[in-house]
Amino acid sequence: MPILEASSLSKRFRRPDKESGFKGAVKHLMQRKYKNFTAVDSIDLQIEPGEAVAYVGPNGAGKSTTVKLLTGILKPSDGTVRVMGRDPHVERVANAHDIGVLFGQRTQLWWDLPVEESLKLLKHMYGVSDADYKARLEKFDELLNLGEYLPALARTLSLGQRMRADLACALIHAPKMVYLDEPTIGLDISVKDRLRAFLRQIVDDGTTLLLTSHDLADIEEVCERIVVIDEGKIAYDGPIEELKAHYITTKAVNLVLAEPADVPALAEKFPDYDWAAGEAASEVTVTYEPARFSTAEVLGDLTAQLLPRDLSLSEPSIEDVIRRLYAGELTK
Amino acid sequence: MSHTFAMDRAFAAIALRRKLAYKLHWVFGIVLGGAGLLVGLAMWSNLLGSGEIAGYDWDAMRAYLIIGFFTATIAFGGEDWLMADRILDGLIAVDLTKPVDFQRARAAEFMGALVSTVPTAVFGTVGAWLLFRPPGPVTPLAGALTAVSILLILPLSFGITYLSILVCFWTKRYLGIMWLREALLSFFSGMMIPLALMPNWMQVVAWSMPFAHFTTTPANIYLGRVDTFGALGLIAAEIAWVVGLWFAGRLIFKRAIKKVTVHGG
Chain W
1 MPILEASSLS
11 KRFRRPDKES
21 GFKGAVKHLM
31 QRKYKNFTAV
41 DSIDLQIEPG
51 EAVAYVGPNG
61 AGKSTTVKLL
71 TGILKPSDGT
81 VRVMGRDPHV
91 ERVANAHDIG
101 VLFGQRTQLW
111 WDLPVEESLK
121 LLKHMYGVSD
131 ADYKARLEKF
141 DELLNLGEYL
151 PALARTLSLG
161 QRMRADLACA
171 LIHAPKMVYL
181 DEPTIGLDIS
191 VKDRLRAFLR
201 QIVDDGTTLL
211 LTSHDLADIE
221 EVCERIVVID
231 EGKIAYDGPI
241 EELKAHYITT
251 KAVNLVLAEP
261 ADVPALAEKF
271 PDYDWAAGEA
281 ASEVTVTYEP
291 ARFSTAEVLG
301 DLTAQLLPRD
311 LSLSEPSIED
321 VIRRLYAGEL
331 TK
Chain S
1 MSHTFAMDRA
11 FAAIALRRKL
21 AYKLHWVFGI
31 VLGGAGLLVG
41 LAMWSNLLGS
51 GEIAGYDWDA
61 MRAYLIIGFF
71 TATIAFGGED
81 WLMADRILDG
91 LIAVDLTKPV
101 DFQRARAAEF
111 MGALVSTVPT
121 AVFGTVGAWL
131 LFRPPGPVTP
141 LAGALTAVSI
151 LLILPLSFGI
161 TYLSILVCFW
171 TKRYLGIMWL
181 REALLSFFSG
191 MMIPLALMPN
201 WMQVVAWSMP
211 FAHFTTTPAN
221 IYLGRVDTFG
231 ALGLIAAEIA
241 WVVGLWFAGR
251 LIFKRAIKKV
261 TVHGG
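Chains as they are written, first to last, in UniProt numbering: chain W, 1 to 332; chain S, 1 to 265.
The shape of chain S in the complex, shown without the other chains (with noise of 0.2 angstroms):
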């Protein structure tokens, strides 16, 4: 059991050493990590004055701005290009050749890359947190459960990115799906305007994907928009989502490998 935890830490200390092995670019981005929660900030100070959109007034826009901050520091903090390179360039051969659970490895190494994006995410909400003093959670049980729901994000977004990346055994290319997946992710998340500004038919469409969990979910429980009821039914709802696509990763990975061609030496 001690071994198979070890491999688990191993495989995510080695993400988290690859993404620190370039120092001034992990640098960059914890400086520059912050910029656009600022740019955000202003223009939504601006958009709101003293009145409200959406049920959003300034409190709440900048608490749920702040959320969204730190939510997508973990969204599109993981390591994707490094997956989605094995594949690419045929390194898939030395992977399967190795007593490994190839998706549960690629969970470690994204949830260590993900450690590389705490500082970014840390000195992000907390310097926006004392400069902007957004609102408390409605409740403390509330708090608490934006806690769960934000750290349910971390299987979430592993999730989707994994099954973005397994994309590429029949595409061979990477980045139209990234772009695809980001888009989807920044937009149907909330994170670029809050889904409730949406028309009814996108938050519907929205909310039948797994993209909304990771922005209006916490947002929408911290802020009490939704009552306990509907928080722990959003949760059990990201717990499905988690679950789901963990074991489509399974299925489509099955399938996948049997594509595997790796021509040459």
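Excised from the complex, chain W in its bound form (with noise of 0.2 angstroms):
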């Protein structure tokens, strides 16, 4: 059964139809127009427990606004919501206490406090025990190094310790479901990598998680599922290794070889491939179709004939997938 359910879920905003300048404005206090907004339309989504689900889109897409309608902060404007099988808008509370949610723009921190009083007040919020408190805050410790900003001010903290409070306060109380929405925007590469550990370590200990980001590590190294999310519809949703498998239709094998490269006359002795120069002159890239010919097949026809002095095998990118999806290249 489902953790989480959507059904036809849609969300329409009214916003102000004004022209520029003071005569817009007054005009608009006189005569209001208004333009119906459509940002999230009639999705359907299904999340099992234990999933890891990322949620991409370009943006403006209505990621955030979905996460907003799956919390229970928005109301749909049409459609179903099932968290656990609550109405997390109506059931508000209720669902609250089985979630966790960040919202990498908003802290839930008190700003002018230390760390450890929000913590303590998250705490008392979700009646955790002090046993628990203690077990989950040395977890942090370990995962995210919390310990040592713990008695720091809020406000004091940088934008990767801030992340990492405010992670522990989404979790503090073990939610069954998370909802991360874009945890690492602004984080440098090491914090990132560490809250992308700490996330896989979540999800393999049981936690369902959706995640929202812009980084495409994030959701390559985290979630098994995406879901492509743009103008409102969803324009992909399946396991990433399929959507790589779909989508992905070249690999590419980069060559260094004993003397520059002819590459004309390469791509005449190798017609089954396609052949480009590299950066230096005896640098090649072969570009191959999986669908046609196995890794091992190509590596052995070029090794054999070319004598390389190296290569390296170019990993299939989900980026370039993904953007052309948002371009609307691909269709699922």
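In short, the hints are calculated from the structure, not lab data.
Nothing here was measured: the structure is a model prediction, and the numbers come from that model.
Think of the CB as a built atom: it goes at the ideal place given N, C-alpha and C, for glycine as much as any other residue.
Among the hints, a few may not be true.
Stated by the list, open to error - Here are the simulated DSS-like pairs of lysine-lysine, each with C-alpha atoms no more than 27 angstroms apart in a straight line:
1) W:K120 <-> W:K139
2) S:K98 <-> S:K172
3) W:K75 <-> S:K259
4) S:K258 <-> S:K98
5) S:K98 <-> W:K35
6) W:K233 <-> W:K244
7) W:K75 <-> S:K258
8) W:K176 <-> W:K192
9) W:K244 <-> W:K192
10) W:K176 <-> S:K98
11) S:K254 <-> W:K75
12) S:K258 <-> W:K33
13) S:K259 <-> W:K35
14) S:K258 <-> W:K35
15) S:K259 <-> W:K18
16) S:K98 <-> W:K139
17) W:K75 <-> S:K172
Said to hold, decoys possible - Calculated from the model, a selection of chain S residues having no Cβ within reach of chain W, i.e. all distances over 10 angstroms:
18) V27
19) I53
20) L91
21) L96
22) T139
23) L151
24) S186
25) R225
26) G230
27) L251
Build the complex: two chains, separate frames, hints provided.
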């Protein structure tokens, strides 16, 4: 049974339709006009317990609005949401007990107090026992190095520290369902790596995760399933590997040859592959279709005949696929 | 049950710590809190001399002003901007993901923040009492009922503040609402001038709103301007306002959260 089920979920907002400038403002005051804007357009989504789902899309695609609908913050214009059998907007307080939410751009720390004070208040909110609170803080310290800045005022933290503290706030009650809205926004590589490892760990421990991010490495490292949303509609929903298999139709081998590469001659000699010159004269990139040739076949063919000094395989990039999905070049 | 109250206590403690986090601001509040009272006492002392206006002689006015100072400290001492900012900045989104009753949590915070006004209220009132020696309550019962009416100002103040903050869901701004609330409260409570000095129709307007209970009700009970039955009636009206505002807050919040937009991440 799904832990989360959204059916024909839509959210429309009304926006003032104002002309620019003073004249526009006065005109709007006298004659108010509004435009309806559909942020989420009839989406269907089911998430099974223990799944880690990436929810991605370009800016303004409706990701954050969806998260707000799923967490009960916003009331849907149409459609239904059930999280653990509850309507999160109607049964907001009961639902909030079982979920953890992090909005990367909004902190839940009390800005002028030490981090520890915020966590203690959350302990009371969720009725976390002293023993569980202590054990979870120890775990957060181990995985996120939280301990060193527990006594620091929230407003004095760096962005990375603030995000780690916010993550602890979202997880202090060991929620069954976690929504993370851009948890790695603005973080440096090392903090991102640490956060991703932590997220992988909580998913392995059985937590269900819905993650929105613009950072595709977050998605590949943490999630197995990806839902792509564009203009409020779901453009793709399926396993990440399937997305790659469907849409990544070519792979590449980068070769460093013993002498300068004659690309036209190579293309003539190996007509089944596409050839392109590399950065250096002796470097060349060979593109092939994995549907037609296995990687072993291609490598065997090239190494036997060209005796390269070095070679590397280009891993398929999901980034390119998603970019093409956003651009409407691909459809499911 | 203990968990429920532990949460209220935790919210109150957090709000108090936030107030105390800005120590210099807090200390200035204590030091300067009594200045308005001293100005009022000096002004009314000159105005009244040995006579009386609208039934207030200098004795009664001293007690009235000190009660007014005490109740004004409570009325204006709670935390309103932090509440309003949460709505205006979109942090309400975070609040709505927490397993707490929004109104009750804000009430606990409000009460916690009010604790920070205790030094101002106590030092100011005790200091003024010792300096100006106002008369005591007209009877011990009147004294007790005055205390009850002052205690009821705590939830009453929250009710009015909370309702005014919920208006931010529609207005998207708070400053004007705050000015309006404070102006209405200062004027119709009798903090600026006793209601007895106002024209009859204005007194009717004042008593048809909750503001009069902030200063005029406790002062009238204390000074014996109403008998025991009248005092109980005023307290009953105060309780009715507290309950009414609480449920009005619930009703408006239900409608307000349908207005939540919180665009962007």
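Flag every earlier hint the structure violates by its number, smallest first. The structure breaks hints 5, 20, 21; every other hint is satisfied.
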